[in-house]
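Take these sequences, add in the hints, and give me the full structure.
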Amino acid sequence: MRHFLDFEKPIAEIEGKIEELRHLPESPDMNISEEVERLSEKVDKLIRSTYAKLTPWQKTQVARHPGRPHAADVVAGLITEFVPLAGDRAFADDRAIIAGLGRFEGSAVAVLGTEKGAETEDRVAHNFGMARPEGYRKARRVIELAGRFGLPVLTFVDTPGAYPGIDAEARGQAEAIARAIEACLAAPVPVVSTIIGEGGSGGAIALAAADHVLMFEHAIYSVISPEGCASILWRDAALAETAAEALKLTAEDLKKLGLIDTIVPEPLGGAHRDPTAAIAALGKAVSTALAPLSGEPGARLVARRREKFLAMGRAAPAA
Amino acid sequence: MNWLTNYVRPKIRTLLGRKDVPDNLWHKCPACEQMIFHLELAKNLRVCPNCGHHMRLPAKERLASLMDEGFATIELPAVPADPLHFRDQKRYADRLKAARAETELDDAIIVAHGTIGGQRAVVAVFAFDFMGGSMGTAVGEALVAAAKLAVLQEAALIAITASGGARMQEGALSLMQMPRTTIAVQIVKEAGLPYIVVLTDPTTGGVTASFAMLGDIHVAEPGAMIGFAGARVIEQTVREKLPEGFQRAEYLNEHGMVDIVARRAELRDTLSRLIGLLTEPAARRAARPSAEVLALPGISEG
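Same order as they appear, the protein sequences are chains A and B. Take the first sequence: its position 87, counted from the start at 1, is 388 in this note's numbering, and no numbers get skipped. Take the second sequence: its position 201, counted from the start at 1, is 207 in this note's numbering, and no numbers get skipped.
Everything labelled a hint here was simulated from the structure, so no lab data went into it. A portion of the hints provided could be inaccurate.
Cross-link-like lysine-lysine pairs, in silico, DSBU-like; alpha carbons within 30 Å at most [said to hold, decoys possible]:
(1) 66(B) / 34(B)
(2) 49(B) / 557(A)
(3) 154(B) / 195(B)
(4) 96(B) / 66(B)
(5) 354(A) / 318(A)
(6) 346(A) / 585(A)
(7) 318(A) / 343(A)
(8) 103(B) / 66(B)
(9) 343(A) / 354(A)
(10) 557(A) / 346(A)
(11) 346(A) / 318(A)
(12) 103(B) / 154(B)
(13) 556(A) / 609(A)
(14) 96(B) / 556(A)
(15) 609(A) / 557(A)
(16) 609(A) / 195(B)
(17) 154(B) / 609(A)
(18) 557(A) / 154(B)
(19) 154(B) / 556(A)
(20) 103(B) / 557(A)
(21) 247(B) / 34(B)
(22) 310(A) / 354(A)
(23) 103(B) / 556(A)
(24) 556(A) / 354(A)
(25) 354(A) / 96(B)
(26) 154(B) / 66(B)
(27) 49(B) / 66(B)
For clarity, every value in this text was computed on a predicted model and none was experimentally measured.
Pasting the structure below:
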């Protein structure tokens with residue numbers, strides 16, 4: 302069963318009709334294939350026009366679409382010889398963050414991703430992509446490992462945020478995130494991060510203090526969820542749509558603000574309509590981002606990464 | 007309504023109602039409900055003389071209580087105001103204006119340099135009364151400036167936090183203050199200078215999850231609320247009652263996140279002693295990497 306978002310209803314209706322027609326037996330009264338073709342053209346136009354002007358709130362829904370490619374899908378699609386790594390060597394393995402070594406376009410890399418999980422059981426195992434301190438400590442461990450062996454670090458971020466739980470606080474959630482950010486910034490190897498779905502606050506930046514930050518066209522990246530922001534600043538979580546507008550959380554807005562470097566175009570109708578094509582486009586974009594960084598001396602990478610983050614917000618954004 | 011407001015004629019009322027004394031001569035301790043005379047409270051650095059409860063101390067009073075005489079504050083680096091043109095129920099630009107008028111501060115932080123018990127220090131102290139001490143670009147930039155100043159003066163950097171977290175009105179720009187302030191800390195650490203964090207009530211969100219948890223030493227005031235997620239969010243997520251003393255300074259101390267829980271009155275001595283120990287001249291010389299290669303025992307030995 303395909304999952305349609307609220308604003309995709311008109312699209313769903315036409316696609317439903319097409320499906321019905323395809324199952325009808327051929328009859329002399331009407332030319333079914335002609336009708337299917339007409340409707341297909343119509344739905345194509347509709348998808349194009351809908352997705353050309355998604356509002357920030359609609360993008361939030363697309364970014365959270367269950368059919369969207371997850372970090373594990375990206376790893377499966379782009380990384381060969383993948384060897385998963387587990388554990389923070391102190392407490393546990395946190396499956397909200399997947400980690401490993403492998404090859405990207407033939408070269409050895411370290412990979413990190415926040416993983417939401419696909420089916421219900423899987424989602425619970427991955428805690429819906431909300432990592433605990435163990436996850437951020439595993440990330441730090443893998444980043445430091447990559448640094449020692451000269452491997453570029455690729456991260457794929459898709460998280461509602463760090464897990465707000467009693468156990469997470471007891472084991473130092475804040476410290477774990479801070480140390481992960483520090484590890485990203487100190488890595489003497491290229492760090493390339495992509496926000497593939499939701500870039501939720503501290504849980505996202507923990508894996509995204511990178512040389513080059515990419516974002517899928519319909520991904521979002523924000524300091525707080527629109528719902529959370531609405532309930533605090535408007536005292537009404539129902540005003541999430543308004544908050545989404547105000548937060549400037551779309552790829553386009555963040556590029557204008559100079560906070561991300563590259564927007565990765567998604568297939569027509571969003572990455573969930575064609576995950577394979579979306580992942581291929583992402584692979585190309587990551588490759589382009591990584592090329593000029595490869596072979597740079599570690600000290601220069603670190604210095605430039607610092608300058609880049611220190612420059613953020615110093616100049617007024619281009620209108 | 008009383009006989010005065012009801013029956014005394016307006017002119018006499020203004021005469022009688024004239025105030026030449028502050029509004030709140032007496033404060034009630036929020037913990038033990040004891041009434042405390044304002045002069046006594048000020049003398050006691052806003053710590054309840056009855057139960058020891060630490061109330062929030064305004065940034066300017068904090069500096070005066072901690073630093074030796076003769077300290078100076080620096081002008082905060084200018085940053086573009088309201089980059090998102092953010093508007094919730096009020097415009098962010100108006101909120102900033104109101105906070106500035108009310109607190110007589112530029113933003114939610116003050117940076118000062120001088121000495122603490124004779125030890126050189128640059129102190130960055132959060133003003134919680136300025137938009138909940140929230141961290142936006144101005145605060146991040148002030149911390150970067152404080153770090154550079156500490157390196158320039160070969161002084162310790164002391165961060166005294168009191169913050170609700172990121173300033174939502176600056177969107178992802180406020181999120182970027184987490185890496186930016188982390189870089190500030192790295193600059194100080196690489197210069198071999200001590201970086202000490204004093205966590206005061208409350209310190210949460212993006213502030214805790216960046217520079218505030220990266221100190222060489224973490225000191226916290228008794229009872230201070232310190233954490234990443236807010237208590238309400240956690241309660242809604244896990245649907246259970248939070249344990250007694252959860253996210254308090256003592257809890258963080260027990261869980262290994264805070265070195266010392268120090269009473270406000272001891273803070274100056276604690277910091278001065280720590281800076282002194284960490285900047286021992288002979289030890290610093292020894293810690294500096296030298297050109298001499300250490301002789302390692304050969305494989306054939308033993």
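For each hint, the structure was consulted:
| no. | hint | in the structure |
| --- | --- | --- |
| 1 | 66(B) / 34(B) | 22 Å, holds |
| 2 | 49(B) / 557(A) | 51 Å, violated |
| 3 | 154(B) / 195(B) | 11 Å, holds |
| 4 | 96(B) / 66(B) | 28 Å, holds |
| 5 | 354(A) / 318(A) | 25 Å, holds |
| 6 | 346(A) / 585(A) | 27 Å, holds |
| 7 | 318(A) / 343(A) | 12 Å, holds |
| 8 | 103(B) / 66(B) | 19 Å, holds |
| 9 | 343(A) / 354(A) | 17 Å, holds |
| 10 | 557(A) / 346(A) | 28 Å, holds |
| 11 | 346(A) / 318(A) | 16 Å, holds |
| 12 | 103(B) / 154(B) | 28 Å, holds |
| 13 | 556(A) / 609(A) | 14 Å, holds |
| 14 | 96(B) / 556(A) | 26 Å, holds |
| 15 | 609(A) / 557(A) | 15 Å, holds |
| 16 | 609(A) / 195(B) | 20 Å, holds |
| 17 | 154(B) / 609(A) | 17 Å, holds |
| 18 | 557(A) / 154(B) | 29 Å, holds |
| 19 | 154(B) / 556(A) | 29 Å, holds |
| 20 | 103(B) / 557(A) | 26 Å, holds |
| 21 | 247(B) / 34(B) | 28 Å, holds |
| 22 | 310(A) / 354(A) | 16 Å, holds |
| 23 | 103(B) / 556(A) | 28 Å, holds |
| 24 | 556(A) / 354(A) | 17 Å, holds |
| 25 | 354(A) / 96(B) | 27 Å, holds |
| 26 | 154(B) / 66(B) | 22 Å, holds |
| 27 | 49(B) / 66(B) | 14 Å, holds |
Checked against the numbered hints listed earlier, the structure breaks hint 2 alone; every other hint is satisfied.
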